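Given these sequences and hints, build the entire structure.
Here the protein sequences come in this chain order: A and B. Its first residue numbered 1, the first sequence is counted upward by one per residue in the working numbering. Its first residue numbered 484, the second sequence is counted upward by one per residue in the working numbering.
Note that these hints are calculated values from the structure, not bench results. Given the structure is predicted, the values throughout are model-derived calculations rather than measurements. Everything hinted at is true.
Here are the in silico distance ranges between beta carbons for each label pair: (1) B:S745 to A:Y366: 17 to 27 angstroms; (2) A:Y366 to B:T766: 28 to 38 angstroms; (3) B:S745 to A:K261: 55 to 65 angstroms; (4) B:D617 to A:D330: 23 to 33 angstroms; (5) A:T109 to B:E764: 31 to 41 angstroms; (6) A:T109 to B:T766: 25 to 35 angstroms.
Note that beta-carbon positions come from the ideal geometry of N, C-alpha and C, so glycine has one too.
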Amino acid sequence: MHNKTITELAKDLRAGEYSSVELTQTYLDRIKQHQNLNCFITVAEEQALINAKIADEQLAKGATNLLTGIPIAQKDIFCTQGIKTSCGSKMLDNFTAPYDATVIEKFNTSGAVMLGKLNMDEFAMGSSNETSFYGAVKNPWDINTVPGGSSGGSAAAVAARLSPAVTGTDTGGSIRQPASLCGITGLKPTYGRVSRYGMIAFASSLDQGGPMARSAEDAAILLQTMAGFDTKDSTSVDKAVPDYSAGLTNSLKGLKIGIPKEFFSEELNTDVAAVIETAIDEYKKLGAEIKQVSLPNMKLAIPAYYVIASAECSANLSRYDGVRFGYRCDQPDDLNDLYIRSRGEAFGSEVKRRILMGTYALSAGYYDAYYIKAQKVRRLISEDFSKALSDVDVLMGPVAPSPAFGIGEKTDDPIEMYLADMYTIAINLAGLPAMSIPAGFVDNKPVGLQIIGNYFTEDHLLNIAHQYQQVSDWHKQTPKGFE
Amino acid sequence: MEWETVIGLEIHAQMATKSKIFSAASTAYGAEPNTQACAVDLGLPGVLPVLNQDAVRMAVKFGMAIEAEVADHSVFARKNYFYPDLPKGYQISQMELPIVGEGYLDIEVDGETKRIGVTRAHLEEDAGKSLHEDFHGLTGIDLNRAGTPLLEIVSEPDMRSAQEAVAYMRKIHELVRYLEICDGNMQEGSFRCDANVSVRPKGQEEYGTRAELKNINSFKFVEKAINIEVERQIDLIEAGGSVVQETRLYDADKNETRSMRSKEEANDYRYFPDPDLLPVEITDALRAQVKADLPELPTAKKLRFKDQYNQDEETATTLTSSRLLADFFEAVVKESGCEAKLCSNWVTGNFLGALNKANLEINDSPINHQRFAGLLKRIADNTISGKIAKQVFDALWESDATADEIIEKQGLKQITDTGAIEAIIDKIIADNPNQVEQYLSGKDKVFGFFVGQAMKATQGKVNPAEVNKMLKDKLKR
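Given below as structure tokens:
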């Protein structure tokens, strides 16, 4: 049953082929069996089985929500009442939230069964899942390589069939890049589409939660539950949520696809480029028209992003001070010692690096040169996208410049690591929705195609992804040993 | 050398919202520590602020009342610093784009009117409280106050004496209570101020270096703190020293100011727009709504009182010093139908006196305007004399009875039967032949004796004017 889609599982549960308890147990067993991947920080075995039992009762009473009884897993960035939420950090290793994130609440209401909390880069800062306090996650396609990050545990868990679908969050590519590296389908919604309440903040103006699944069809089901306005998040947008599954089968005839030339820069691995070009050719066969477009300011995205995201994180992470919750150092001498040692001992080096960069960028005398300038660049980048998307329906290109790289390969060179997100970051700065879908392999490692749409066109993106998945089977490939 | 003092004030007025500025927790004062701090106030991971629209309305109201420009678009910013009672490690405040722009307020000092500029007013959240007692050398943190909405009202450096500063602070205090946007309670910290104080040689245009006096919470202390600081600065300069820019604390016990931190040690707050909150947009609809809600302001009310009720400057000032008192006065006038002068005499006299003595607010007065009017009616129609009226007032204060019930029960009704009064007077004249003799021989002072006797015989229940007239008539014959 672990190779079935959510739609198939939902059908089987209703047909009495197996119960939610049996299904949940199957996944719990697989999680245990593949512990070496290190996908989970917390497995909520006991609660999962209790909730599966409740779901079975609901199903018996005719529950109509497709997610009722379906096991899913949550990135450990979403606060879960009563179950530890660590955000991949030693700082929150002892933290259990007294509330559920809005996303969690919505999944609970749907009757989905939470298997546990997924490993991630510390505070979502990383592109390889190597900054996690709980250790690196291994890519099931090649356990010597990284799964990408920061939603590395999420992507690896879906690829290894440890959960039918999961959640991730994307600040600069954290859903799309690991989805690409692990050969799964990931969607970063428009900023404001999914509530951020209870989702631990990295960079508030960029963070967005979204679904990660085997297919666009499954991603649509998850997004349906996740999306919507939330009075608890002032930046969520009060806009009706469409039926994401309804338009999946629409024809792509006449679809206008823009190919930004900046996506095919010299940094792009030529084999990856070939995979992307082949995928785009496939869209031509589906009736799409291709047009070259340009995003002239895209090269400025990485520096602008690292100023803005770091500035926001430097303030967002100030609350971790050892005073009210989280890690506190032993026997502080005084207040300063409490701050310095609690933060010094519990934050990892990547988190510290970003806090320092952000603090610097906001400092008196540097604010205009860094923060204000980065905001101007951000506007220019948004304008580039608006312009490009006024001529075409969507943009397509690679998600990452290369397939999965080796564990430890880039950990000593932060700049090299930051380049892993060179094709995803600009989309966050503009706040647009984008997907990564499996489009082929390079050296037996998955490669994702990125599809970028205009604001609040998630339904269209899912339709475009789904149509490709009707004529390709990249998304159905399973890594060896996880069949 | 002659010195000139330059003062600017930053007043923090707590907005009278029921819940906090960014969370649903209550703002009520005096609860057990940390019982009114929710996840948002505690700064737990993942929680987000949601702006309280009532706080926005109140700030807009203030802006309109000081004729300031209320911004169409204002922005919340994060002010970053570490302190244990600041849960998020930043305070949500406003920096570049405050909600209220430039406005002004007129103050009166020694009969002169002076205009004080208000630079800006912005919304922000309060921090919690550090408790240094009772924790055996440790510090306790109470976050009930964290997230309480404050309006920080920043003045121009337009004041030239402690007296002017106090007048300005009083004026703002009166205004925010009038607008019902702040309870003005200074003991509970709902209204407090920082004073920027500097001195310069008279005639010099350039400002001297200023010291900031922090967190002063009474009018008396503001005056004392400024005066002592001015003295310190002048002494320092005259002794050849110079003032350093720093934050100072006023110690009321020792009546001195002490250095807290100098500019060099000051924080770099690294303000930047808070990405969790959208810019605040003030719509025309909201402006119209607030404008319609705007009460008559103190200055306008005072002018109207002088005109409509024929009050002198001092009485009009007293009556309009609080909106509740002014409302009470007008309700009494309306209810009683009496002359305004009689009403104001009684309201500013016995009534305020009794409230002050009992340390009560108008809201808590044991006498409401209806019962008060009942008393005044009986004075106006001569049912009771002024002297008896004081006795009835005391009884009103102590019981729930009406003036009429008290007058009836205690038999305080003035004797209006002229025959009865005449009989009493005739008897007094008959009983005191010596005094009659003296009076008739020209000793006018003795007249008072007869009045006294008459009042005594009637227990004050006669109209003194009536008695006077009758006595004069009888003694002439």
